[in-house]
Amino acid sequence: MATEPAAAESTVPSLVDRYFTRWYKADVKGKPCEDHCILQHSNRICVITLAESHPVLQNGKTIKNISYQISTNCSRLQNKVSGKFKRGAQFLTELAPLCKIYCSDGEEYTVSSCVRGRLMEVNENILHKPSILQEKPSTEGYIAVVLPKFEESKSITEGLLTQKQYEEVVVKRMNATTATS
Amino acid sequence: MFPLTEENKHVAQLLLSTGTCPRCIYRFCGVDFHAPYKLPYKELLDELQKFLETEKDELILEVPNPPPKKIRLQELEDGIDGIDNLSQNGEGRISVIEDGSIASKNSNLNVCNVCLGILQEFCEKEFIKKVCQKVEASGFEFTSLVFSVSFPPQLSVREHAAWLLVKQEMGKQSLSLGRNDIVQLKEAYKWITQPLFSEELGVPIDGKSLFEVSVVFAHPETVEDCHFLRAICPDCFKPAKNKQSVFTRMAVMKALNKIKEEDFRKQFPCPPNSPKAVCTVLEIECAHGAVFVAGRYNKYSRNLPQTPWIIDGERKLESSVEELISDHLLAVFKAESFNFSSSGREDVDVRTLGNGRPFAIELVNPHRVHFTSQEIKELQQKINNSSNKIQVRDLQLVTREAIGHMKEGEEEKTKSYSALIWTNKAIQKKDIEFLNGIKDLKIDQKTPLRVLHRRPLAVRTRIIHSMETCYVDEHHFHLYLKTQAGTYPFAFRIAIL
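Top to bottom, those sequences are chains H and G.
If you count the first sequence from 1, you need to add 178 to reach this note's numbering.
If you count the second sequence from 1, you need to add 531 to reach this note's numbering.
Extracted from the complex, chain G is given alone in its bound form (with noise of 0.2 Å):
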């Protein structure tokens, strides 16, 4: 069922005669809903010639054949002195020529003046083709998708000239379409373009998906088509930091929104002209969002740190708790990167003993992401088997809220300790049996010297809740502690009297 009715005929030609293509113009004439938009190029231009050419005082423009899919540099050198004469009459009305080649030429835009390609052969199937095989070619593990493309900002104020003349042209038939009805150029796209890549690919389009496609598109040739919005908007277009032109979309629409009709007229032509060439792509990306894979260590080593210990470049002792672990997960998830994170930590020189300290990774890109248990198992035995300094228990996936409840951990729970006592003064068993009756002491805890440097300075008042002693000779004995999360359990000190 054709989407357009007679009140759409005026702007439909409109559009057409300045360049417009079928979907752009279906967008600006509020169809919204997704057929009309999926059928070929070709069939959608022959719909809108038979639409348009009914009444007799129009200008019956032949019926043209479908742009190339590549155009080619001399057909549009050819195009381009009639093209140029539509959009020096501004409101694009065709005069009309008896040499009819030229018309067509004219009427057949090869390069459409709103959407510079994105709603022609960017939404087609062999476009998309070519995308999905990139997709594959990246070797990434997944079951559905999120889809998301961005425009060069250039469309956005192409869109709004063809809005204002859309407007203008309604008003002369005081038609009641408001901006609000007209259809978004990337909610067109992925009308189009998301059942495709779906079928291409054999997997669902999910929003939530984990695994995300990404297309960018960029427009060269008309780059400084934005350059004018700074100078009547200026304080939209601030410089921030890490940006590499002032020009962003969000920027772009800011201004587009601020600016007086009037000024924008006068700097940007309404309809927009015809451009040489369509859009380019700049990336086509994938990437995977993060996994977690969480666990518990034991620490069995008294020469490893946690993380690697590196100095002017130059690394001071070898390996580190998290490469033991991470190297292999790394490997095995085909991750970029990972972070490690653990529920509070240990010095060097300091074993992990009892269950583990629960830790989890955070693998960054992963391009393989689902495994069964048995192949968790035998990734834990891996691990386990590699090296005699760490061992690992309790290796599992998780999801990205158990890094805050380990990390309650660090805050919340009680920790353990244990230690070898030397006293300089000689004692007696009976001189360390008071320790073991003292129950929750509360502690003020200044910043330790040793961390002070990389720490606020401040007091933290701590509970040691129980004390063991467990005497060896006059000038030794085990200490047994249970403190509070966040204590630093050898920084207090009790007079042995």
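So here's chain H without its partners, still in its complex pose (with noise of 0.2 Å):
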């Protein structure tokens, strides 16, 4: 799987490192490794996307198809959003489904909000072009752009984990695969 291309100088910092703060959510909905990274800009907008560990973007799988069509009644394509105070938005709760994954070897996989807030967009290239997920998963391979409450951005990264935390969580998995392994 190809990831981002590696930065000429290790030194300087990716255009997402340099906005944005990296949040993680593991084993959402209790599914293991199911793990979602949110992007949060300082403007308090989050960007959601796959973790690394999530596994879509493991080595040999393919993605068959993405829908955006989460229930009868809701398709997270008709979102519109008017004006400055973004009217009309879908309003997402953390385990809001954004969209779900069909892979060639069967799995499927739902990808979720993570974070309360007013649904912007979601990314409609990854419809057409499924391995951009793979490629580019914290670029242009991001799932949907949320605007959380003006009152609750500070308290939304409450339930989420730090790059750091996440990473130990990581190290633990592995820990644990290898014991039983």
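Calculated from the structure, these hints are not laboratory results.
One or more hints might be untrue.
What follows is a set of in silico ranges between Cβ atoms, one per label pair, in the way DEER data are often shown [said to hold, decoys possible]:
#, chain 1, residue 1, chain 2, residue 2, range
1, G, L884, H, S220, 23 to 29 Å
2, H, T240, G, K938, 52 to 58 Å
3, G, V881, H, E336, 32 to 38 Å
4, H, S282, G, V881, 44 to 50 Å
5, G, E939, H, T240, 53 to 59 Å
6, G, N919, H, L305, 51 to 57 Å
7, H, V190, G, L884, 23 to 29 Å
8, G, E964, H, S192, 39 to 45 Å
9, G, I952, H, L305, 29 to 35 Å
10, H, S309, G, R985, 30 to 36 Å
11, H, C252, G, K961, 50 to 56 Å
12, H, K207, G, I952, 40 to 46 Å
13, G, V881, H, V190, 35 to 41 Å
14, H, S220, G, S679, 46 to 52 Å
Residues from chain G shown here face chain H by an in silico Cβ test under 10 Å; the list is partial [claimed, not checked]:
#, residue
15, F742
16, S745
17, I952
18, N955
19, K977
20, L980
21, R981
22, L983
23, R985
24, R986
25, P987
26, L988
27, A989
Even for Gly, the Cβ is constructed at its ideal location relative to N, Cα and C.
With the hints as a guide, bring both chains together as one complex.
As structure tokens, then:
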């Protein structure tokens, strides 16, 4: 699986690292390893992405199809916002589903919002070219953009893991796996 | 020349005897030229008396003393019984009283029952002088003025009551004076006071003047006079958000237009009763309309926001473009506050070079407004000497329309940018040559994430007119852009293959 190109000099921070803070949620909805990464901009807008440990981003996985139709009555593609205050946006809770990813091996994964707020937009490019999701999960392959309420902008990260905490979780998992194998 | 004629006699008699002042009497007799109103009060009263005391069976009123400038409570208390007698009679027919002293007190109306003193002491020279003193003390520089006055709403109610009374009386004589022939209180007041202001302050009265002197009257004693209207026309008195009282002049006028005569007369005495005191002066204020200063600014700092950067009460970065320019203007124009606007803006960490960005500053309520071009030049120099983060040029006084023109620039002009580009991948000169050939590139820009929290989500089509490159080394080159206004200049991507 292609990862994002490494920087020419390791000291040059990426666009993501310059403007966003990474927050993580592990084992979303109790499903093992379905980790999400929330990129929080300094203006409180959150970009929902898959963390690198997510099954969909692992070697050998092929995405067959992605759908934003999360229920009979609700498609994230129908989301329309207007004005400065983004009226009309679909409101999301932490567990609200954003999209469903269907893989060629028959596995099905649901991506959740992880933060409360108004849905700004979902990434339509991954519908046409699902491989972008795997190639550039933190930039062009993002899932959705969410605008949390102003009052909640600080509290939304309370239930999330920092980069460091997430890395510890991943290490623990690997140790557990090696222990059992 | 005495303005009243024979046919006005009954109305004038009726009004005078029920406590109405001479000037209001003139108004209700349709006297629509200025001169009579400007005569001194005593003279008006004397002339009126003379005019009225011709027939035998009319009550002969003694020539009363002119009302004292400050109504003393005792005198009023003495006269109250008599006055009450009058108002109870409704129609105000005075019974002949043998004891002339009470009659003279009755007829010597202290406070006019219609204008509550507005056309008595409040239009005379002494009061105007008092207002002018305040105007002069306020420290404003002005070459003309517009005078605005505000009366308590209950005056409209009294005016209406007096009108109904007069209409009834004229009906008896089949006179044809219509409501529109009655001179408005405010109009008569301005006829008298405007020349006095002009003379005292030495400037002309001009409706278009930016300098406004405003006087607000109130009459606390009769504040509840309007309240009965709410019961009869409740939909005229809906509480609006920012208003203290629901009984505004507009609302009261609306209700008075709606209410039926019988209903009005049941609730409010016609003629109106005589109050104990004259109006109070709630406020005398002066204000000058905003003036506008425009120019262009250059920004040489990469650490300066355009407007103060304050989050949760804490200032994040010292100063701002607008403060560095406006603080000096605020001081020199002695203004209350300012509004800074510019034709577009740049980020904190971006410099503004070249001729500079057009800006305009609205100075609110300036006390000083006249400056020679030399003084403006000196002001510009002062601003430029005080900071090396910004520089100002072409500083000048402009009209309000100038802001509109400047904002057009924000939408319609072309903007030029330059940036130093770093590339991850190593590049050669030939790799970026192609950029120079791109002309009028159309791009569709979605609102960038970094401003999405405060801008609507939208797609905007913009044009990049031209680009020019200047190779520096394998990882750097200068890029010059000319774009359409409203473009996010570095929010687009071109693959360099």
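Margin query: Are any of the numbered hints broken by this structure? If so, which, sorted upward?
Written below: Hints 8, 13, 15, 16 and 17 are the ones this structure does not satisfy, whereas the remaining hints hold.
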